[in-house]
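Those protein sequences? They're chains A and B, same order as listed. Using our numbering, the letters of the first sequence map in sequence onto residues 1 to 364. Using our numbering, the letters of the second sequence map in sequence onto residues 1 to 364.
Please keep in mind that the hints were generated in silico from the structure rather than gathered at the bench. Here the structure is a predicted model, which is why all the values come from computation and not from measurement. Watch out, some of these pointers could steer you wrong.
Heads up, the list lumps identical chains together, so a pair's fine if it works in one copy or across two of them.
Stated by the list, open to error - Cross-link-like lysine-lysine pairs, in silico, DSBU-like; alpha carbons within 30 Å at most:
(1) 37 to 361
(2) 361 to 31
(3) 31 to 300
(4) 37 to 346
(5) 295 to 37
(6) 31 to 346
(7) 37 to 77
(8) 77 to 31
(9) 300 to 282
(10) 295 to 31
(11) 361 to 295
(12) 77 to 282
(13) 31 to 282
(14) 37 to 300
(15) 346 to 282
Listed below, chain by chain, are the residues.
There are 2 protein chains.
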Amino acid sequence: MRELIVDLGERSYPIYFGEGLLHQAAQFFTKRGITSKSPIMIVTDSSVAPHYLSVLEAALQSGGYRTVSYIVPSGEKSKSLSQLEEIVTVALEAGLDRSSTVVALGGGVVGDLAGFVAASYMRGIKFVQVPTTILAHDSSVGGKVGVNHALAKNIIGAFHQPEMVLYDLNTLRTLPAREVASGLAEMIKHGLIWDAEFVAWIDGHVQHLLVLEPESLSYGLYKGCSVKASVVAEDERENDLRAILNLGHTIGHALEAVSGYNELLHGEAIAIGMVGSALIAKHLGFDASIHEETKRIFTKFGLPTSIPPHLNVEQIMDAMMHDKKFKEGSMVFVVPTAIGQVEIMKDISAELVRQVVIELKEEI
Amino acid sequence: MRELIVDLGERSYPIYFGEGLLHQAAQFFTKRGITSKSPIMIVTDSSVAPHYLSVLEAALQSGGYRTVSYIVPSGEKSKSLSQLEEIVTVALEAGLDRSSTVVALGGGVVGDLAGFVAASYMRGIKFVQVPTTILAHDSSVGGKVGVNHALAKNIIGAFHQPEMVLYDLNTLRTLPAREVASGLAEMIKHGLIWDAEFVAWIDGHVQHLLVLEPESLSYGLYKGCSVKASVVAEDERENDLRAILNLGHTIGHALEAVSGYNELLHGEAIAIGMVGSALIAKHLGFDASIHEETKRIFTKFGLPTSIPPHLNVEQIMDAMMHDKKFKEGSMVFVVPTAIGQVEIMKDISAELVRQVVIELKEEI
């Protein structure tokens, strides 16, 4: 088992990586001081529940914990205020109190939604993440939780750190291949923004990672989380440095919004976005090899590197104007200046972004 | 003008009390470093808007601030997730960004709702309170914000401290007499939990306060806020001491819930609740004069001291079981042990509470 401490002072917490951790959930809960006097609520989704919900319920109950479970439909649409309201109904009926804990069993959607329930129920109760996707290695570090609004993703939320993250690698085996690759896109991002050696390691372990070989997977997730933890430890509330984590996300979020949150997986959208950021770098005069390398590695993982032709350029631009990275009207972009290194640039013109969006539609 | 600093380390903020402050809003905003580059959103309600919205808009605009306003229907029902969603729609359309500020112009309902918008919009932006009721002197200190759920009040929320509170005493002149008395109930509560001398001062200034004589009003609000600020400074996130502020609120919230959030004003409900807490003290063997004094002072302000006869005892008890003060199943009550002094008692039996509720229905 690997362990990583996310260092946030009195809000520090551990991430445990290993095989079969789900069965030992009660021991981990007890170790972290989570009381069995108050009921625990497990939030999960309709894809994950059939595989792992009864395992987690049984594991917790065997340790004396009372649990209540809530299953949301799988998919981004469940990150809504109406789901929040429903979950709070169930929480109240089950008698959840201020000493209760909300457990997110699932991927990023479940983590964000359940995390915002934990952040806002009685103005904040404890929260445990049990990620069942690779993508969630990203969202399980940093405490960003929230729901979507019809006009913008993640616009209603909070910063709420978990008590711990229990990463049972065995739960990743049921992931479809396309979701594996999508999750690895965030892992690659952590290399691209921070650590060229990690990018080289990923490049040398593409097949190991795609087939979920445990030792490579454990190391990759650990390293990905480590990069994010380092960034978040320096800037918990996204005032400055933390923005580098948004590499590829400005274009990526716009693509997800315009394609209706279901055509492109999150990792696919940000892979295209990262190629776009590398194109911006190229136009700004940075080494063209950054663009070539970025494109090469995503292609190696079978991830898309161009915008689907039927998506409309102006709709993509409009969606970006709602993006919360546009602080005080100026356009902020995270731009790679080398492999493993990025800069936050505050004066990227809308014209350049539009040109890059057009080029991204034409890339093959 | 009086000024009080709520001392919360890096989240400290000032409360300004005075006549005509609304007209000088822009100066105060600038003084507190609020940028005019990003739009400002004013949230108010249908009762307050006709009197003060255009004044505040004009004052801010004269200082170069761009504003967008949103008017909710007056009343507790506006503290809902659906209003939150609507306000976020308007905020996005108006281009509010991470440097924007939400201003609450109104009473506690508007403050709680707008505060939760500020706490959750883009995971937290700045917040300014401009209270227009006496009751709001209470909610403007402490950073508790949130909305109601069909099953319980204030159950979805956050702790989010304002940048400042602008208390323009002139805005209180349009309050109906019943709301004035209701607001003063919270002021009296601050005396009862902390400061017997302040209770004596209030007792000697009943008429001054009821007719809103500026000097008495300013002093009373300042003292009330000071008590609350002292408590909150010691316990920002309601782990322990802060619970004393709930004197009268466990029964009070239940009465509000059972009567449908409109028959009783908040101050009226907690006045009855405080008489109930004093009755509990009497049953526990504390001096019977606490009950007599509590009842006498509320009567002097024309506030109710008994439960309306048509409200059902079992419904009131059920409503209390959902109250978030019932930590881990045990019943917690704030009980007065003298005038100006309370204790948090963790083992009050439901039977005793039921008996007191029955007695409160019979009090005259």
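Outcome of the hint check:
1. 37 to 361: For residue 37 and residue 361, the Cα distance exceeds 30 Å both inside one copy (56 Å) and across copies (34 Å).
2. 361 to 31: neither (51 Å within a copy, 48 Å between copies)
3. 31 to 300: neither (41 Å within a copy, 55 Å between copies)
4. 37 to 346: For residue 37 and residue 346, the Cα distance is within 30 Å only across copies (15 Å; inside one copy 50 Å).
5. 295 to 37: Neither: 52 Å inside a copy, 38 Å across copies.
6. 31 to 346: between (45 Å within a copy, 27 Å between copies)
7. 37 to 77: neither (33 Å within a copy, 33 Å between copies)
8. 77 to 31: Neither. Shortest intra-copy (35 Å) and inter-copy (42 Å) distances fail the 30 Å Cα cut-off.
9. 300 to 282: Close inside one copy (21 Å), not across copies (77 Å); limit 30 Å.
10. 295 to 31: neither (44 Å within a copy, 49 Å between copies)
11. 361 to 295: Close inside one copy (14 Å), not across copies (75 Å); limit 30 Å.
12. 77 to 282: Neither way: residue 77 and residue 282 sit 36 Å apart in one copy and 54 Å across, limit 30 Å.
13. 31 to 282: Intra 50 Å, inter 43 Å, cutoff 30 Å: neither.
14. 37 to 300: neither (50 Å within a copy, 44 Å between copies)
15. 346 to 282: For residue 346 and residue 282, the Cα distance is within 30 Å only inside one copy (17 Å; across copies 66 Å).
Of the numbered hints given earlier, the model fails hints 1, 2, 3, 5, 7, 8, 10, 12, 13, 14; all others are met.
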